[in-house]
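J.: Each chain, written out:
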Amino acid sequence: MAGARNRAQSIRRRALLLGGVQVGLVGLLGGRLVQLQVFEGERYASRAEDNRTAERLLAPQRGEILDRRGRPLAHNRETYRLLLVPEKSGPIDAALDEIARVAVLGPAARERVRRTVRKQPGFEPVVVLDDISWEEMARLSLAIAEHEGIFTNAALRRIYPLGAAAAHTIGYVGRVSRKDLDRSDADSLLRMPDFRIGKTGVERTQDEALRGAAGKRLVEITSTGRQRRELGRREGLSGETLRLTLDAGLQTFAAGLFGPETGAAVLIDVESGGLLAMASSPSFDPGAFHDGIADRSEWQALASHPLHPLSNRVVSGQYAPGSTFKVVVALAALEAKVVSREHRFFCNGVHELGTGKFHCWRRGGHGHMDLFQALQQSCDVYFYEIAQRTGIDRIAAMARKLGFGEPTGVEIPGERGGLIPTKAWKQDVRNESWQAGETLIAGIGQGYVLATPLQLATMTARLANGRHAVLPRLLARETVPELGIDKRHLQAVRAGLAAVTGSRRGTGWAARIQEDGFEMAGKTGTSQVRRISTLERRLGVRKNEDLPRRERDHALFVGYAPVERPRYAAVIVVEHGGSGSKAAAPLARDLLLAAQKSGTVAS
Amino acid sequence: MKAWEVRRPGLGIGGLLLRVDWVLVILLTLTTSVGFAMLYSAAGGDIQPWAGPHALRFAVGLAVMLAVALIDIRFWLRCAYPIYAASLVLVIGVEFVGDVGMGAQRWLKLGPLSIQPSEIMKISLVLALARHFHVRDEREANRWPMLLLALALTAAPALLVARQPDLGTAAMIAAGGVALLFLGGVSWRVFALFGIGAGALIPAVWYRLKDYQRDRVLTFLDSERDLAGAGYHGYQSKVGIGSGGEFGKGYLEGTQSHLGFLPESHTDFIFTVVSEEFGLAGGLFVLALYLAIMGYGFAIGFMARNDFARLLAFGVTFTFFLFVFANIAMVAGLIPVVGVPLPFISYGGTAMLTLQIGFGLVLSAKVYRDVEMEAETSGRPAGPGSIAAMR
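From first to last, the protein sequence lines are chains A and B.
So the first sequence is numbered by our numbering: it starts at 1 and just counts up by one.
So the second sequence is numbered by our numbering: it starts at 1 and just counts up by one.
Calculated directly from the structure, the hints in this document are not laboratory data.
Among these hints, one or two may not hold up.
[Said to hold, decoys possible] List of simulated lysine to any residue pairs, SDA-like, C-alpha gap at most 25 Å: (1) Lys216/A - Leu259/B; (2) Lys119/A - Gly260/B; (3) Lys88/A - Asp46/B; (4) Lys216/A - Gly260/B; (5) Lys423/A - Gly447/A.
Same shape as in the complex, but just chain A (with noise of 0.2 Å):
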């Protein structure tokens, strides 16, 4: 029993060491307790926090767009959508074919309700039908109420009361693009999944401002990301109201000048430069945009349209400014003093220069003209003789002082500088030297000169104004230098501008004012689009009514109203419209005049 008692002794011995290896082992994991939840405890503590919230972000209301008179331009409406969440509706087939019972879904929509349903986790909703109206909400609520997991609720729709009217100006929203992302600032509210951003006009270049800043929720969420319940909130701050210049009643008017015309047509503020309306056809609905991707064939059928819908030809239409541009060349002149008022050049028809000849587009000729006449009844001749005298340097820097060559920095994303040569540019670009006859093409506004209807616009405000060389805004108005131009020389190229409209011989007499108590004056232009051959002059220019579309010359007019204490500049540009006189300036006129009564600007 010896042997026993010794074995009983072994095993408890060695059972006591294994004991107090287990106790030790036990002890440990405590240690460790106490290293992970006393040592370490807080940053657990704040891991497991960051684990637990998340912060969803609240879209702010986006700002108002208002017309002067604080008309909306754009606005938020309440709008109704239905949604549905996939883990809670069941079979998606079944559900949309629940709603088909009771609304119309195409395929299309279906096809993208499914796309949707596939990229995002069950617990998320997807819009099925957007923007319906709020009797048709209560119909649908009332008809798929049994349905969980399918539901109506409200969302703000950007709506633009002018529509196409105003859409190139105001612009529209859509889904924030790739390219958004990577031009805006790292605002987080662009990655919110219903986020519309401002895309092109107003609503783009002034999109911060009208954005506002995003509210916060602070939710707590399972490891998946679903919601389970708010642990606080802070309000997000709506975007800015922004009070346009913009007349909305005269813009709509403006953009209905047009009819199947392709153009633009801009008034403005002589004293201030505010815009009241600025318009470019054809146009577009601007309220298409909304949904982005389900509008992405109708963007593309915009985007290449042979007429160019999308594009705003107040800013990026660069036109060859024609005999409009006669303005400029007869104050450079008169500025350069190289000629007078009063002095007179002979109308042959041709002037001659070296071996070219330059044509007047009166083939006869106009006889005996001084600067009130040539303006009056735009001889080409005359400005030849003048251009030639001046040079195009001083002539491009008049062009400048009134507006031309770059752009004018009003609040519209896309506008583009057009282009007023001169010797040095001609030079640096092309790498030729200027020669004498591009100065006589450019004295009539042809060659290379180029303006977009926002400069003549300028243009037209400043030498009406005669004191402030204002600049086109829809909103700033910030303080503009001196013009700089002598009131003698302004007030002599106004007289013959007076004369276009206000005497039988003017180009524009047949297009004047003929109600009691308005006038109007301007400037008729009609600039070439194809070049014209000797042998074509030689065998009888073709009538531009014979010509295809594309060639046919662009008719334009610019003009301001009244003649004296002038308080509207107007600009027509009708593509391919063939002559100013006929074509634009009975549309500078409608336009000057609805603005005359309209009494929008206070004199």
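Given chain A, put chain B in place with the hints provided.
T.: Just chain B, lined up with the frame of chain A:
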């Protein structure tokens, strides 16, 4: 001889029940109650689907445990080898007909029952080795044939389970076997030899590991290695424990578990729920419960009057300790993630039943503390060195 031993032959079932160590039973019940509460929490404050069944299973297992406890320990001595053999057959069985779950064949479906033979084996091996070392002196235990037999008894199931592949369970089986070898008196030199051999084998084992197993080890060695992938469970578990602080977030308030950041919060990671909701206090309370249970197991081993009972009590206690240590060390990030449940608290079938059977055996050792063991085995062949010689 104490007075009550004289009455032994006349003991009825009531008398036997009186000799059951009820404090140990109460401690196990208490631990299960903690499990019930935590499973209720893990389900988001619901009896279903875990807490209720957990209690039910414990109740059934309790009956099994008491039944095992009341069966004469000599019966268990006699059946030690057959039970071991049957378990081994089951372990081999899963190789062929086992259900593949979590990338390993571990489950054997017998009618409505799903059992893990590898769990059963943990106790069967203890039984077999206790039987093996019963009434052998140390000299005899260290003879090579005896030694090799003991090694084979340990290695066979361990290697089979490792092939499933379930390295965690295999390691536990091996550790349990080695503990029994140690208790049984195997010489220190043999252990030293094994240590060197095992060290030499590490590269070979590493080479044979599956990708996910290697990932777990690497992740463990560098805990921030792959937080979104292999390191996710361990990391979230540490965050859960750590964020509990001294006194926890409050019952049912654990964010890691209730918001789904903690995986398997009702099974392997339930200790994290305890620690998150009750803090260090809760964790230490659970550790204290386990220490108390281990203490009772030890006490029974110390009071035992024969080698089989001693080895059985110490072995089962050690196996229990292995569960506790492996699980908590895993959730606390001390060892790689292995699939070991927390005894009596984790939800899960076989582990609790296995341990209840194990503690049933321990209780049996207490109930039948005074029986004459030597006589019972004298008629059986026991290899060289007869029992008669020991008397």
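J.: Each of the hints needs a verdict: does it hold here or not?
T.: Against the structure, the hints come out as follows:
1. Lys216/A - Leu259/B: holds (21 Å)
2. Lys119/A - Gly260/B: Holds, at roughly 22 Å.
3. Lys88/A - Asp46/B: Within the cut-off at roughly 22 Å; holds.
4. Lys216/A - Gly260/B: Cα-Cα ~24 Å, so holds.
5. Lys423/A - Gly447/A: holds (14 Å)
Violated hints are absent here; each numbered hint is respected by the structure.
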